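Enquirer: Next come the chains, spelled out residue by residue.
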Amino acid sequence: MLKSKTFVKKTRSGGVIKVVREHYLRDDIWCGSEACSECKQDSTVLQTDASIESSLCSYPHYLLPDSNVVLHQIDVLEHPVIQNVIILQTVVQEVRHRSAPVYKRLKDILHEKEKHFYTFTNEHRRETFVEREPGESANDRNDRAIRVAAKWYSQHLNTAETQAEGLKVVLLTNDQGNKQKAEEGGLLVFKCEEYIKSLIANPELVDLLALSNDDKNEITSSKVLYPEHLPLSRVQAGIKSGSYLQGTFRASRDNYLEATVFVQGEGDTSTEVILQGLQHLNRAVHQDVVAVQLLPREQWVAPSSVVMQDEGAGKDDGVEEDEEEKVPKVSIAESSRKPTGKVVGIIKRNWRPFCGMLNVSQIKESTRHLFTPADRRIPRIRVETRQSSTLAGQRIMVAIDGWPKDSRYPNGHFVRSLGGAGEKDTEEEVLLLEHDVPHQAFSQAVLSFLPQMPWVITPEDMKQREDLRSLTVCSVDPPGCTDIDDALHCRELENGNLEVGVHIADVSHFIRPGNALDKEAANRGTTVYLCGKRIDMVPELLSSNLCSLRSNVERLAFSCIWEMNNKAEILKTRFTKSVINSKASLTYAEAQMRIDDTSLNDDVTKSLRGLNKLAKIFKRKRIEKGALTLSSLEVRFHIDSETHDPIELQTKELLETNSMVEEFMLLANISVAQKIYDEFSECALLRKHPAPPLSNYDILFKAAKSKNVEIHTDSAKALADSLDVARVDGFPYFNTLLRILATRCMMQAVYFCSGMDSDFHHYGLASPIYTHFTSPIRRYADIIVHRLLAVAIGADSTYPDLMDKHKQSVLCNNLNYRHKMSQYAQRASVAFHTQLFFKNRGILNEEGYVLFVRKNAIIVLIPKFGLEGTVFFDSKDKAAPCVVFDEEGPTLTVEQHTFHIFDKVKVTISLDASNIQHQKIRMSLVHPVIPGVSVPASDAEPQAKKLKVDR
Amino acid sequence: MATVQVSEAEKVYILHGIRDDLRADGRGCEDYRHMEIETDVVSNTDGSARVTLGHTAVLVGIKAEIGKPRPLVPNEGYLEFFVDCSANATPEFEGRGGEELGIELSNMLYKVFNKHCLDLRSLCISEGEHCWLLYVDVLLLQCDGNLYDAISVAVKAALFNTKIPRVHISADEDGGKEIELSDDPYDCMRVDVENVPCIVTLCKIGHRHVVDATLQEKACSVASVLVSVTHSGSVTCTRKVGGGSLDPESIFEMIEAGKRVGKSLHAPLMKLLQQEESLGKRRQKVGFLG
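Chains A and B, in that order, give the protein sequences.
In the numbering used here, each residue carries its 1-based index in the first sequence increased by 186.
In the numbering used here, each residue carries its 1-based index in the second sequence increased by 11.
Heads up, a few of these hints could be off.
Claimed, not checked - In silico DSS-like cross-links for lysine-lysine, where the CA-CA straight-line distance does not exceed 27 Å:
(1) 204/A <-> 270/B
(2) 204/A <-> 251/B
(3) 367/A <-> 292/B
(4) 251/B <-> 196/A
(5) 426/A <-> 204/A
(6) 22/B <-> 195/A
(7) 270/B <-> 191/A
(8) 79/B <-> 189/A
(9) 251/B <-> 191/A
(10) 792/A <-> 805/A
(11) 74/B <-> 189/A
(12) 426/A <-> 79/B
(13) 74/B <-> 191/A
(14) 204/A <-> 79/B
(15) 705/A <-> 299/A
(16) 274/B <-> 195/A
(17) 196/A <-> 22/B
(18) 204/A <-> 296/B
(19) 195/A <-> 79/B
(20) 792/A <-> 753/A
(21) 337/A <-> 74/B
(22) 292/B <-> 189/A
(23) 1106/A <-> 1006/A
FYI, nobody ran anything at the bench for these hints, they're computed from the structure.
Please read all numbers here as calculations on a predicted model, not as lab measurements.
Use the sequences and the hints to build the structure in full.
Expert: Okay, here's the thing in structure tokens:
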């Protein structure tokens, strides 16, 4: 039977069109219930024995939630107790339309077999299709459709042929009107909360309930705290006319009353608008897309440099009245004032579940508590829970439900507990969640695209490939590396020239464009390495087995082969897909030993020596061109194999072989970048490193000057040269410190699409063009580069998205974001392990250098641990010493002593666990001795030694 | 125009018949053939109607779009006509064969329907900026004489059937105007068709004139007069077509006859349309295969 659905819609250009869709109704849409013998269905989802222990419904029943219940109570539905639920197509469509994240979660539940969730396509079943009536709103129609379907189900299940007597359908709705109409129609209907509260066996479900509207009112006072948000239509009209600006809201980390909105203007122009005060922030949460209105120029302010944390509110809601006064109203010079505005409307909320901890209310029986997120930029959230005593001291996740205008804090509900605070697994989970690192296990859909095991190379595979199995290829990697994505070879040719090959795992052979595996990898963007843990970008079968170029197995590779003479001048470059058989997987140290051991003369060693010799020439040439060698201290933890706790810290040492591998990887990357750019000038995926603006170097200038050393920053080459000659007698560590400082001045390197940009230069490597080709197992960018190169040499076919520069640009943005987040996550992981290390060690005394001088503190670097810490000179409980800051030096004079950059100091290191969410390393000054400021050297040294003996 | 060949003897037969007010198919001189009307036949238009008159069949679809009013009349919307002569109707229309006739017909329709017959001001959304533009598409499916009359009836029926989505202009404080669409598909504006005229074509055959001439009768006619008449009997437009000449006396007579016939055409047409409308969803759809 055919029906047509008609609706009118507005087009983007302002026109109005009428859309007509054909809608087919059928009789063969089954109910999905095991109990039904009438429907001719192959498999059933809903069980006959559908019993959830409820005090309201003592009979077996199916649940049928309406759209709002699904949208707001998805956390409840996800709970394993809730089973045998009928999700109507009407509901699925409405959810999809209203919230993409909830839709995705709903889809996931529907796919889960154990949950027994059934989608009933009521819109296409003849009996349950309803047409919209004149004067009926779309929502009313949907509600009616849901009621009709519920009615149909209850009648259908009670017809003669059903086996189970008394099986009923329970409609869940939160809408009073809908409930009433359903009751009039003789349906079994409950409010969602009523029903959940009736589940006696599972009281924890009540906490998962999101607060509905009538709940919020009773919590908060009637006092309106915030101005009303404008409706979206007016916001959009305002943005169109230019009276409002649209931008991303970024809360300040240090001051909860301040935020900036980053407004992307036309072209490259973008402005930042400052927002100050709760009223002006107007309930925006970090990362929301908001509309702001600029204030008149005389009300513009400068960003305050005060650190302010929202503390007063933890006690009671009453104290908040004069908070506004706390905002420093200092008259500021005209020049430092920035555009200032206020939030008038929210365009898109970007709420996600937040990690954090519960501040248990002082009132014992209270079920309402405040939740403090780990991210300081997120406001506290009010939650209701009965499990506060168990949740105290745990890391939990909370989702925001809404932020009414009369409530100081947003309302939220408890989602799940991650585990005890300070525990290693919990903290790891937290830092992955907070850095938005996708770390769930790979889904079945993704795994289905993996090759079948046992896997062999077929003649089909060999067609496009060169057989390089006979070559003496070997790989050099850090110890314990299982995802080997590069291998090398070098051999002498008959004409006296050398042939050098870099072989990269051919990941693009296994990951075909557009499938679930590819999409997942593109989303993850990069493998994330935490201390003692790796979050793979591709499933382990690929990363550690089929794509890993392990020794003595045949592996598919993408090879870049050069012919060069003994002066390391490249004569010929070619690229090919190949099959290799690595002869040895070495560590850097092993490779170094082979090169140094003159008694060894096998093929692998000879190959390594040839490579090493060439690499040295390449490095020299590169440095002559002005490539920078910068320094940052990398720390390795020796991890106890049983407890997985760090037992020793060590800064990474660099061997010759490290730089040997690096040189050839750079060479391969540059060669490939050139090739794909020549071939696809519009859509090559490249990597650039912009030159930093001169002002970035200020701190480096000043620091060098204090030791009477000149630094030139006119070009990368000048900088590299002046860094090389920068030495101070009797201070061997000076040069490293200077390089660390120089690193801090640099910009971030980014991926980009060649058709969208004109500046390709890589500043750090002093290369006009660069890309990433050599690590496809752990970086998605490399996979795209592989595909481009494969198309360029005719080894693979192309696909539309690869040649679409806009799509590629979007991909680059994601890769850059994931890359940045993974680095933050990595740093956070190192920081956490450092804390664990010092927790086990107690208090230590160490020597360090002053790296920066701040207004009220110095930042000290401990070379031994690669650890940076801050020594504050003002603390809350002590009278502040006389501190004078001189910006020109920069120097800081505390009482009589003046600190300069690079001063050598002695500090004690301990773990400050007073704030369990933000544990940090605390440093206090020991030497030079300043009365009233420095602390006596702790006698922790012997204790630490004792610890070592114990071990 | 589609024509048929008629022999001398046939002509005489037709002429004699008409002289005695008895036409070849049994009608009197001022009688129409059997007419069928159905509205709302094309779902993706805003209004549509199908009319058959004898074997003549036309389909009219109306699409409403938002456009800019003409500068001389900033507070009015307007209608645009397009007549497509399908090669289905007659093989002569194949390729560009129907183009000339199409243009002629659409020009005529434009003249008849754009003046005073509709309240064009009701089509204005905001003065000088937005108005509704009604695209009237006429499709000739079969030609068996008297196209004008059939088309005009179909246009009137389609206009009656037209449902224009209701829009609101929302203005914010700084004068920016935004068109907002009602979210209810049933919330729409109707066109007042009371004053929409119908065309009556009168063919001069011998000393008399007939309405609704068949192709054979048309072949006997030297000239014809189009009269567009509203329900009250007022003439909005007259036009002479055809090569022959007419004496003033008979023109006057023909117009009088046109007024008479036109007036009596409107009442049953409106009754029929309203009756069909009142059936709403219960109406059995006939469509083209019925």
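Enquirer: Given the hinted pair residue 195/A and residue 79/B, is their alpha-carbon gap at most 27 Å?
Expert: Holds: residue 195/A and residue 79/B sit about 19 Å apart, inside 27 Å.
Enquirer: Decide if the proposed pair is consistent with the structure: residue 292/B and residue 189/A, CA atoms, cutoff 27 Å inclusive.
Expert: With Cα atoms ~12 Å apart, residue 292/B and residue 189/A stay inside 27 Å; holds.
Enquirer: Sort out whether residue 753/A lies within 27 Å of residue 792/A, counting only the CA atoms.
Expert: Cα-Cα ~17 Å, so holds.
Enquirer: Does the alpha-carbon distance linking residue 367/A and residue 292/B stay inside the 27 Å limit?
Expert: 25 Å, holds
Enquirer: Between residue 792/A and residue 805/A, is the straight-line Cα distance small enough, at 27 Å or below?
Expert: Holds - the C-alpha atoms of residue 805/A and residue 792/A are around 20 Å apart, at most 27 Å.
Enquirer: Assess, step by step, whether the Cα of residue 196/A is no farther than 27 Å from the Cα of residue 22/B, and give holds or violated.
Expert: The hint is violated at about 58 Å.
Enquirer: Has the given pair, residue 74/B with residue 191/A, been kept, meaning a C-alpha gap of at most 27 Å?
Expert: 18 Å, holds
Enquirer: If you draw a straight line from the CA of residue 274/B to the CA of residue 195/A, is it 27 Å or shorter?
Expert: 40 Å, violated
Enquirer: Measure nothing beyond the straight line between the CA atoms of residue 74/B and residue 189/A; if it is 27 Å or shorter, mark the hint as holding.
Expert: 21 Å, holds
Enquirer: Holds or violated: residue 251/B with residue 191/A, Cα cutoff 27 Å?
Expert: 46 Å, violated
Enquirer: Compare the distance between the alpha carbons of residue 22/B and residue 195/A with 27 Å, and conclude whether the hinted pair is satisfied.
Expert: Between residue 22/B and residue 195/A the Cα gap is close to 57 Å, so the pair fails against 27 Å, i.e. violated.
Enquirer: Has the given pair, residue 1106/A with residue 1006/A, been kept, meaning a C-alpha gap of at most 27 Å?
Expert: Between residue 1106/A and residue 1006/A the Cα gap is close to 22 Å, so the pair holds against 27 Å.
In summary, the structure is inconsistent with hints 1, 2, 4, 6, 7, 8, 9, 16, 17, 21 from the numbered list given earlier, while agreeing with the others.
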